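Participant: Once you have looked at the hints, place chain B on chain A.
Residue numbers (our numbering), protein chains in the order written: chain A, 7 to 218; chain B, 7 to 218.
Treat the hints as calculated values from the structure; they're not laboratory data.
Worth double-checking, as some hints may not be accurate.
Ranges between beta-carbon positions, derived for each pair [as the list claims (entries may be wrong)]:
id, chain 1, residue 1, chain 2, residue 2, range
1, B, Ser18, A, Tyr50, 47 to 55 Å
2, B, Gly33, A, Arg141, 47 to 55 Å
3, A, Arg141, B, Ala119, 38 to 46 Å
4, A, Ala30, B, Arg13, 42 to 50 Å
5, B, Arg10, A, Gln217, 51 to 59 Å
6, B, Asn80, A, Gly131, 56 to 64 Å
7, B, Ala182, A, Gly28, 29 to 37 Å
8, A, Ala216, B, Arg13, 55 to 63 Å
9, B, Glu69, A, Arg10, 48 to 56 Å
10, B, Asn80, A, Gln217, 38 to 46 Å
11, A, Asp100, B, Glu61, 57 to 65 Å
12, B, Asp86, A, Asn202, 42 to 50 Å
13, B, Ser211, A, Glu14, 50 to 58 Å
14, A, Ile93, B, Val35, 44 to 52 Å
Covered stretches of chain A, as calculated for chain B (at least 3 residues, CB under 8 Å) [claimed, not checked]:
id, stretch
15, 76–88
16, 101–111
17, 170–183
18, 194–201
Quantities reported herein were computed from a predicted structural model and do not represent experimental measurements.
Glycine included, C-beta positions come from ideal geometry on N, C-alpha and C.
2 protein chains.
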Amino acid sequence: MARRPTRELILSTALALFNEEGLAEVGSVDIASVMGISPGNLHYHFKGKVLIIEELYARFESEMRMVLDAPVNNPLQLEDNWVYLYIIFEEIYDFRFFYRNLGWVFEKIPELAPQFARLLRAKEGAFDSLVSTLRGEGFIDLSDSEADALVQRLTMHYTFWLPHSDLRFPDMASKALINRGVYAALIQVIPYWSENKDGAQRLLSEFFEAQA
Amino acid sequence: MARRPTRELILSTALALFNEEGLAEVGSVDIASVMGISPGNLHYHFKGKVLIIEELYARFESEMRMVLDAPVNNPLQLEDNWVYLYIIFEEIYDFRFFYRNLGWVFEKIPELAPQFARLLRAKEGAFDSLVSTLRGEGFIDLSDSEADALVQRLTMHYTFWLPHSDLRFPDMASKALINRGVYAALIQVIPYWSENKDGAQRLLSEFFEAQA
Numbered sequence: 007m008a009r010r011p012t013r014e015l016i017l018s019t020a021l022a023l024f025n026e027e028g029l030a031e032v033g034s035v036d037i038a039s040v041m042g043i044s045p046g047n048l049h050y051h052f053k054g055k056v057l058i059i060e061e062l063y064a065r066f067e068s069e070m071r072m073v074l075d076a077p078v079n080n081p082l083q084l085e086d087n088w089v090y091l092y093i094i095f096e097e098i099y100d101f102r103f104f105y106r107n108l109g110w111v112f113e114k115i116p117e118l119a120p121q122f123a124r125l126l127r128a129k130e131g132a133f134d135s136l137v138s139t140l141r142g143e144g145f146i147d148l149s150d151s152e153a154d155a156l157v158q159r160l161t162m163h164y165t166f167w168l169p170h171s172d173l174r175f176p177d178m179a180s181k182a183l184i185n186r187g188v189y190a191a192l193i194q195v196i197p198y199w200s201e202n203k204d205g206a207q208r209l210l211s212e213f214f215e216a217q218a
Numbered sequence: 007m008a009r010r011p012t013r014e015l016i017l018s019t020a021l022a023l024f025n026e027e028g029l030a031e032v033g034s035v036d037i038a039s040v041m042g043i044s045p046g047n048l049h050y051h052f053k054g055k056v057l058i059i060e061e062l063y064a065r066f067e068s069e070m071r072m073v074l075d076a077p078v079n080n081p082l083q084l085e086d087n088w089v090y091l092y093i094i095f096e097e098i099y100d101f102r103f104f105y106r107n108l109g110w111v112f113e114k115i116p117e118l119a120p121q122f123a124r125l126l127r128a129k130e131g132a133f134d135s136l137v138s139t140l141r142g143e144g145f146i147d148l149s150d151s152e153a154d155a156l157v158q159r160l161t162m163h164y165t166f167w168l169p170h171s172d173l174r175f176p177d178m179a180s181k182a183l184i185n186r187g188v189y190a191a192l193i194q195v196i197p198y199w200s201e202n203k204d205g206a207q208r209l210l211s212e213f214f215e216a217q218a
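Extracted from the complex, chain A is given alone in its bound form:
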């Protein structure tokens, strides 16, 4: 017998199915069927798929906010930046169905659009802290406009890397997808590096070749 409450099992099953099959393709009945429970039992816990999605979104947002707020509250050490960039991507990847189905979500659950927009601004806040810290400590050298544009670009990158990759690299495995996404985020910082740009570029390339 499962020890986890049914409600939690419904959420984790729905998350796995939404991520694998896509939001439009999976209904409440499919979730109940995979779990081996009756649609009535599922309905007792969640009166419809929309309520399941809303609960998953609430959990995603609260996990993401914890991650995003970290460098705003405590500036990162230089060497922690790349780990941090991984962690955000992994969090997004865990709930990738949102990023791959934004249009569907906003059409069916319009109230999630402003919430997602607020989360986007929290991402922007986190990247702003990262860039400000690197600038303040003299690691990178760039104008205010360039710093703003870099922060915007990183925010957009983290939001649309998955739908972009679905089109551009449809067969890429998940780990490579995340590696490549982090690499694409980091390589834009290289030209602003104050000292030894070539060394930084070489380190970055070697690191990611080792991961691939």
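Facilitator: Chain B in isolation, oriented as in the chain A frame:
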């Protein structure tokens, strides 16, 4: 009496409505109603909304390909680059409903996904030509990995700028949206500029402040 054939009027009305109201919200009956023709008359020309969307996509792709192939066939002069970056955005903006409803489109018309992916690679080819020409003529100085990443980034930027802006700048007027999109594309090239980066940055900022 309208002189343009009904078929063309259906397409231009559908394009305007899809752009204004969104793909999910507009049906064949709405298009017929705005045109003041009967649903039966519309059905005679297009047997369903999907066929209208497919025809609009075919026209969009053929227009975009003409634009995108231009610098591949004939390298641009330096001063033509920003006009070119505008033209691509304007083309995308004319058919913005595709970019704002990619998920909906691919769910309802799966065969458009590989076509859109091919168009994405054509965008990549155009940006690759731009960057290669600037490198070859010594205007910019960057490593092969940085050039690849810049090309990828521009491609992604042009594909996801509209859905990103819908979330981040929901009230921005269309002209400002395009200006800002071109600015965000160009400012990433500044740090690779071989000579007088500050001058290039100043020109870019002044130009876009004048437009705003």
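Participant: Could you tell me which of the hints above the structure violates, numbers in ascending order?
Facilitator: Violated hints (numbers, rising): 4, 6, 11, 12 and 15; every other hint is consistent with the structure.
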